[in-house]
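**Student:** Single-letter residue listing:
Protein chains: 2
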Amino acid sequence: MMEKEVEGYLLKEEGAAFPKKAIVACQGVQGAYSQITAKRLFPEGTFIYFNNFAAVVKAVREGMCEYGVLPIENNTYGSVKAVYQLLDGGDFHIVRGYRLKIDHQLLAKEGTKLGDITTIYSHEQALGQCGEFLHSLGRGVKAVPYYNTAISARHAAESSDPYCAAIASPECADIYGLKILRRHIADNDQNFTRFLCIASRKVVYPGADRISIILTLPHRPGALAHVLSKFAERNINLLKIESSPIAGRDFEFEFYLDIEASVRDRGTREMLAELKEDCPTFQYLGNYQELS
Amino acid sequence: MMEKEVEGYLLKEEGAAFPKKAIVACQGVQGAYSQITAKRLFPEGTFIYFNNFAAVVKAVREGMCEYGVLPIENNTYGSVKAVYQLLDGGDFHIVRGYRLKIDHQLLAKEGTKLGDITTIYSHEQALGQCGEFLHSLGRGVKAVPYYNTAISARHAAESSDPYCAAIASPECADIYGLKILRRHIADNDQNFTRFLCIASRKVVYPGADRISIILTLPHRPGALAHVLSKFAERNINLLKIESSPIAGRDFEFEFYLDIEASVRDRGTREMLAELKEDCPTFQYLGNYQELS
Numbered sequence: 001m002m003e004k005e006v007e008g009y010l011l012k013e014e015g016a017a018f019p020k021k022a023i024v025a026c027q028g029v030q031g032a033y034s035q036i037t038a039k040r041l042f043p044e045g046t047f048i049y050f051n052n053f054a055a056v057v058k059a060v061r062e063g064m065c066e067y068g069v070l071p072i073e074n075n076t077y078g079s080v081k082a083v084y085q086l087l088d089g090g091d092f093h094i095v096r097g098y099r100l101k102i103d104h105q106l107l108a109k110e111g112t113k114l115g116d117i118t119t120i121y122s123h124e125q126a127l128g129q130c131g132e133f134l135h136s137l138g139r140g141v142k143a144v145p146y147y148n149t150a151i152s153a154r155h156a157a158e159s160s161d162p163y164c165a166a167i168a169s170p171e172c173a174d175i176y177g178l179k180i181l182r183r184h185i186a187d188n189d190q191n192f193t194r195f196l197c198i199a200s201r202k203v204v205y206p207g208a209d210r211i212s213i214i215l216t217l218p219h220r221p222g223a224l225a226h227v228l229s230k231f232a233e234r235n236i237n238l239l240k241i242e243s244s245p246i247a248g249r250d251f252e253f254e255f256y257l258d259i260e261a262s263v264r265d266r267g268t269r270e271m272l273a274e275l276k277e278d279c280p281t282f283q284y285l286g287n288y289q290e291l292s
Numbered sequence: 001m002m003e004k005e006v007e008g009y010l011l012k013e014e015g016a017a018f019p020k021k022a023i024v025a026c027q028g029v030q031g032a033y034s035q036i037t038a039k040r041l042f043p044e045g046t047f048i049y050f051n052n053f054a055a056v057v058k059a060v061r062e063g064m065c066e067y068g069v070l071p072i073e074n075n076t077y078g079s080v081k082a083v084y085q086l087l088d089g090g091d092f093h094i095v096r097g098y099r100l101k102i103d104h105q106l107l108a109k110e111g112t113k114l115g116d117i118t119t120i121y122s123h124e125q126a127l128g129q130c131g132e133f134l135h136s137l138g139r140g141v142k143a144v145p146y147y148n149t150a151i152s153a154r155h156a157a158e159s160s161d162p163y164c165a166a167i168a169s170p171e172c173a174d175i176y177g178l179k180i181l182r183r184h185i186a187d188n189d190q191n192f193t194r195f196l197c198i199a200s201r202k203v204v205y206p207g208a209d210r211i212s213i214i215l216t217l218p219h220r221p222g223a224l225a226h227v228l229s230k231f232a233e234r235n236i237n238l239l240k241i242e243s244s245p246i247a248g249r250d251f252e253f254e255f256y257l258d259i260e261a262s263v264r265d266r267g268t269r270e271m272l273a274e275l276k277e278d279c280p281t282f283q284y285l286g287n288y289q290e291l292s
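In order, the protein sequence lines correspond to chains A and B. Using our numbering, the letters of the first sequence correspond one by one to residues 1 to 292. Using our numbering, the letters of the second sequence correspond one by one to residues 1 to 292.
The shape of chain A in the complex, shown without the other chains (with noise of 0.2 Å):
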């Protein structure tokens, strides 16, 4: 027996390892931060792109993929609020996390050197992110936003003019045939995304120590700080709180809370379900580890 069932947990056995090889759903094309992270993962994955992250849920859903990944979370921007709302949809469940350190380089066509650079293709956020590198450059160089970091690569590597170049993760240097011309190119090199795999069994590995949940409280005074309470009586760390305020309805929020617990410990999955009976919505999203 790999896995048992315990209040709806599936819980896997000790020792059970995480799966190296699975078909997964990433947002965007290879080279693509998404799929650096689904390839550190599932180092003997294969990857389906999709052009959003609706199809990457949907494709899990659906069954078409075993595993998705989607972004949640950057230091700088803040939370991807789309996959909040999706990951509230249910049906699927966070398996992993993955934080990845963003690490942006100026990729350019062999032969090509720094001074003959005119124009610069990346993500708005990516070049927002290298702002100082740009800005040292000096005027002459044009900094151009486009679809995403890879994308930009492919379109240096495939452009008929020489002089242009890209921001880019290093892998889409090997991916698109690119040189690095410069590395580390971020103003600020504490850049990281935190990442998700979702599956669409409600799956427990062994290791999990954090908790994701959406849920909405009472409009007033002390309906939070009520909730809070119950994590510190069991001595419950606190990894991530964040309001969010619910579309048309005016000065109501739902809430997503990440907690350091298991649900392997009978205590913890009491204080869930007297969640679920407190709260007027509440939505387990899953019980898993954050790699790095």
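Incorrect hints may appear among the rest.
One copy or any two copies: either way a pair holds, since identical chains are not told apart in the list.
[To be verified] Straight-line C-alpha distance at most 30 Å; calculated DSSO-like pairs for lysine-lysine:
| id | residue 1 | residue 2 |
| --- | --- | --- |
| 1 | LYS142 | LYS58 |
| 2 | LYS240 | LYS81 |
| 3 | LYS230 | LYS276 |
| 4 | LYS20 | LYS240 |
| 5 | LYS202 | LYS21 |
| 6 | LYS113 | LYS276 |
| 7 | LYS58 | LYS39 |
These are calculated hints, taken from the structure and not from any lab test. None of these values were measured; they are calculated from a predicted model.
Position chain B against the provided structure of chain A, taking the given hints into account.
**Tutor:** Coordinates of chain B only, in the frame set by chain A:
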């Protein structure tokens, strides 16, 4: 006497009106959502445009502009962490908030018909927000991410290609001499952005009922519950809460909090003083009214 100082807060007298006329720093260009907000807050204002958020803050800090307008949060894309990081620097205070409904339109040159359009420029987020409309146009129409919505409108106006269009605010149609081809094209009509108006003095206008603070807490169970219970004891509603990881320090967070309270109330001032005493770091950002 127009204002009195109480424990460092400059309380404007009852009846004191928010200025209609001022020199106001905005990010972006004419027609951008920041400038639309600035115009609603200061109907007779003079607006000076800057390239980035840091330049807006600098203009206010150094006295070049009396006020600055900055986006702080969108209900789909979340908080603008870069702005929080600037506000955390101190030296200026939030004096007003504004919740702007974002209402995207398709703009093109006079005479151009919807069926003629081949390329649509806009900020990536705006393109994302109008996904269903863009999809309905079919594969022949290319959506191109561009610097921001207002620059996209200017580009559509100045381009020699009569078949390009832009997604931008209705104000941009007037400013850049374009025609509104389609109104209200966002998938979700509940799209709003919160903006803040900052000034260099710690001024509180009558009607201010929202206080924004940034604080850090020791990473131990119950630390946040303890802070929230202080609000609950005083019957103070929480309007926003968000944890933000501190770069380079694992499992340490800053918290962005908005509460429904006024520093005209002695109990509130005492509570803020207590928090300042108890928290490793504490920053009062301002006490203000949020209009919409």
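**Student:** Are the hints correct? Go through all of them and say.
**Tutor:** Hint-by-hint comparison with the structure:
Taking the shortest alpha-carbon separations for LYS142 and LYS58, only the inter-copy value of 25 Å comes in at or below 30 Å, while the best intra-copy value is 38 Å. In this assembly of identical chains, LYS240 and LYS81 lie within 30 Å of each other by CA distance both inside one copy and across copies; the values are 14 Å within and 15 Å between. In the homo-oligomer, the alpha carbons of LYS230 and LYS276 lie at most 30 Å apart both inside one protomer (13 Å) and across protomers (25 Å), since each shortest distance falls under that limit. Only within a single protomer do LYS20 and LYS240 lie at most 30 Å apart by alpha-carbon distance; the minimum there is 28 Å, versus 40 Å between protomers.
Proximity of LYS202 and LYS21 under a CA criterion of 30 Å is satisfied intra-copy only: 19 Å inside one chain copy versus 58 Å between copies. Taking identical chains as interchangeable, the C-alpha atoms of LYS113 and LYS276 are never at most 30 Å apart, the minima being 60 Å within one chain and 53 Å between chains. Taking the shortest alpha-carbon separations for LYS58 and LYS39, only the intra-copy value of 20 Å comes in at or below 30 Å, while the best inter-copy value is 43 Å.
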